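J.: Construct all of the structure, not just a fragment, from the sequences and the given hints.
Each chain, letter by letter, is given below.
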Amino acid sequence: MTDKEFAVLFDKYMSDKRDEMKARFNRVLPSGEYIFNRFEKAPYLGCGKNTSIYDTSVVLGDVEIGDNVWIGPYTLLDGFNAKLRIGNYVSIDSGVMIYTHDTTRMYVSGGMAPAEAGDVTIGNCTVLGTMSIVSCGVTIGNHCIIGAQSYVNTDIPDYSIAAGIPAKIIGKVELLDEGEVRLTYY
Amino acid sequence: MTDKEFAVLFDKYMSDKRDEMKARFNRVLPSGEYIFNRFEKAPYLGCGKNTSIYDTSVVLGDVEIGDNVWIGPYTLLDGFNAKLRIGNYVSIDSGVMIYTHDTTRMYVSGGMAPAEAGDVTIGNCTVLGTMSIVSCGVTIGNHCIIGAQSYVNTDIPDYSIAAGIPAKIIGKVELLDEGEVRLTYY
Amino acid sequence: MTDKEFAVLFDKYMSDKRDEMKARFNRVLPSGEYIFNRFEKAPYLGCGKNTSIYDTSVVLGDVEIGDNVWIGPYTLLDGFNAKLRIGNYVSIDSGVMIYTHDTTRMYVSGGMAPAEAGDVTIGNCTVLGTMSIVSCGVTIGNHCIIGAQSYVNTDIPDYSIAAGIPAKIIGKVELLDEGEVRLTYY
Chain A
1 MTDKEFAVLF DKYMSDKRDE MKARFNRVLP SGEYIFNRFE KAPYLGCGKN
51 TSIYDTSVVL GDVEIGDNVW IGPYTLLDGF NAKLRIGNYV SIDSGVMIYT
101 HDTTRMYVSG GMAPAEAGDV TIGNCTVLGT MSIVSCGVTI GNHCIIGAQS
151 YVNTDIPDYS IAAGIPAKII GKVELLDEGE VRLTYY
Chain B
1 MTDKEFAVLF DKYMSDKRDE MKARFNRVLP SGEYIFNRFE KAPYLGCGKN
51 TSIYDTSVVL GDVEIGDNVW IGPYTLLDGF NAKLRIGNYV SIDSGVMIYT
101 HDTTRMYVSG GMAPAEAGDV TIGNCTVLGT MSIVSCGVTI GNHCIIGAQS
151 YVNTDIPDYS IAAGIPAKII GKVELLDEGE VRLTYY
Chain C
1 MTDKEFAVLF DKYMSDKRDE MKARFNRVLP SGEYIFNRFE KAPYLGCGKN
51 TSIYDTSVVL GDVEIGDNVW IGPYTLLDGF NAKLRIGNYV SIDSGVMIYT
101 HDTTRMYVSG GMAPAEAGDV TIGNCTVLGT MSIVSCGVTI GNHCIIGAQS
151 YVNTDIPDYS IAAGIPAKII GKVELLDEGE VRLTYY
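Residue numbers (the numbering used here), protein chains in the order written: chain A, 1 to 186; chain B, 1 to 186; chain C, 1 to 186.
Just so you know, not all the hints are guaranteed correct.
Which copy is meant is left open, because identical chains are indistinguishable; a pair holds if it fits in one copy or across any two.
[To be verified] Derived pair list, reagent style SDA-like, types lysine to any residue, alpha-carbon separation capped at 20 Å:
id, residue 1, residue 2
1, Lys-12, Arg-24
2, Lys-12, Gly-164
3, Lys-12, Tyr-44
4, Lys-17, Arg-38
5, Lys-49, Trp-70
6, Lys-83, Arg-24
7, Lys-83, Asn-26
8, Lys-17, Glu-5
9, Lys-17, Asn-37
10, Lys-22, Gly-46
11, Lys-22, Tyr-44
Please keep in mind that the hints were generated in silico from the structure rather than gathered at the bench. None of these values were measured; they are calculated from a predicted model.
T.: Here's what the structure looks like:
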């Protein structure tokens, strides 16, 4: 096969995939999403049922993910140096980065200091807002809301709303009858 | 064709595309950009003339984009649950995420509460700074500057400079003679 | 070759690459990483030894990168309008965006005002934290730490810790004996 014949076949393959995604779901996505679908990547990673994870999510090492978890594009889930555990019905919004290691001291010392590490756990029914960051050693509870663009470097108890750089607790979550959610800000 | 013959042809295809981009534009890009060019993706989406949109932009649902719009890499344009309208001569800087829906209450309630939604409109000659976020239901006017890493959850009137998490109006834009732009900070 | 035969070969090619990465390194990555490896992209860009740069890093124009530099996913290195220089043993964390140009005034004026530009230099043994931004004309010294999600628009001297939007100096770095690093916050 000539290079030109190959190019024609490949371009058609990708264009057909894009057309199909647009026709069925009205979505036009980064081209990697046409290669590995987010509902196929999740079981490949051993995630629970009804979980999806975009192609543009970097997943390193020991990462355990439950059921009904949505993991957006441009995310990073690091279980390379320690364990990362994510519960059920969690939303890891687009651009979220979760770290179990920290190489800051290593780099500023020109490689003299070691990397640091610590397990991270995210509870059930918790939302990590868009582009928030979780640093190593942190546990976030159940039914928590982490505000967009927050930097979480301390533990966050159940039913907390936390936000800021670094994140502080700014409110609480209450679940009322019939699916109503009350958010109170302190 | 053997797997090995396929690999040789594919590797050459991608390497040639990369070499061509580097030689012509002195750019080395995420490999998806070699598959779908940003000046081809824009008309595919029905955008206006002279608009470009990187391959690594996630575009969902009902999104309408005008002329001379620049849409950077790692962006997200959500028109899935409501309409997203972007005017002419707009800069959607790298990493910007615009939402017409919000599933926060849905996730913290374990699926009991519904998702929220609302149209978003971005006016003409407006800049959304790098990694800023626009949340559902917001209208941003013409000739506005949204600071990098801002979170916009309220309407922003014409000629405003807004920044912060959440974004507040911190200044104004004035257009003087001969293309001069005066930015005043309060 | 039929479209279907092509699809089978391509799917196997990508799946084999993914399986190999998972088996050898326990990593599941954006599919572009299987096409251009980060340790191959760095020499392609003329970087120094032991440097790696993810496929999902946008590299524009005149960018010079030293030895032992780690450049994460979803980054942007802009040397399109002016020079970008990055020293040795630098960590460009995930999502970092470095600009040598600024088109804000150009866009708000509907194309009347020109783009601005200025060289950027990053010293040795410096860490740019996750999703931080460096704007045009800035010099960051040696042994500096830039906090995650910071916006750096002024020069930062050696041994500084800087953070915030915009970034201010909030502490200092001291290198003690035997690789110990002391971080003092003011």
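J.: Compare the structure with each hint and give your call.
T.: Hint check:
Taking the shortest Cα distances, Lys-12 and Arg-24 sit within 20 Å of each other inside one copy (18 Å), while across copies they are farther apart (25 Å). Proximity of Lys-12 to Gly-164 under the C-alpha cut-off of 20 Å is found in neither arrangement, the shortest distances being 46 Å within a copy and 45 Å between copies. Proximity of Lys-12 and Tyr-44 under a CA criterion of 20 Å is satisfied inter-copy only: 15 Å between copies versus 27 Å inside one chain copy. Within a single copy, Lys-17 and Arg-38 get their C-alpha atoms as close as 14 Å, and across copies as close as 17 Å, so both meet the 20 Å cut-off.
With identical chains, the CA atoms of Lys-49 and Trp-70 are at most 20 Å apart within one copy only, with a shortest distance of 11 Å there and 35 Å across copies. Taking the closest pair of Cα atoms, Lys-83 and Arg-24 come within 20 Å of each other only across two copies (18 Å); inside a single copy the shortest separation is 37 Å, beyond that limit. For a Cα distance limit of 20 Å, the shortest separation of Lys-83 from Asn-26 across copies, 13 Å, qualifies, whereas the shortest one inside one copy, 37 Å, does not. Taking identical chains as interchangeable, the C-alpha atoms of Lys-17 and Glu-5 lie at most 20 Å apart whether they share a chain (19 Å) or sit on different chains (15 Å).
Taking the shortest Cα distances, Lys-17 and Asn-37 sit within 20 Å of each other both inside one copy (11 Å) and across copies (16 Å). Within a single copy, Lys-22 and Gly-46 get their C-alpha atoms only as close as 28 Å, which misses the 20 Å cut-off; across copies the closest is 12 Å, which meets it. Taking identical chains as interchangeable, the C-alpha atoms of Lys-22 and Tyr-44 lie at most 20 Å apart only when they sit on different chains, with a minimum of 10 Å there against 24 Å within one chain.
Violated hints amount to a single one, hint 2; each of the other numbered hints is respected by the structure.
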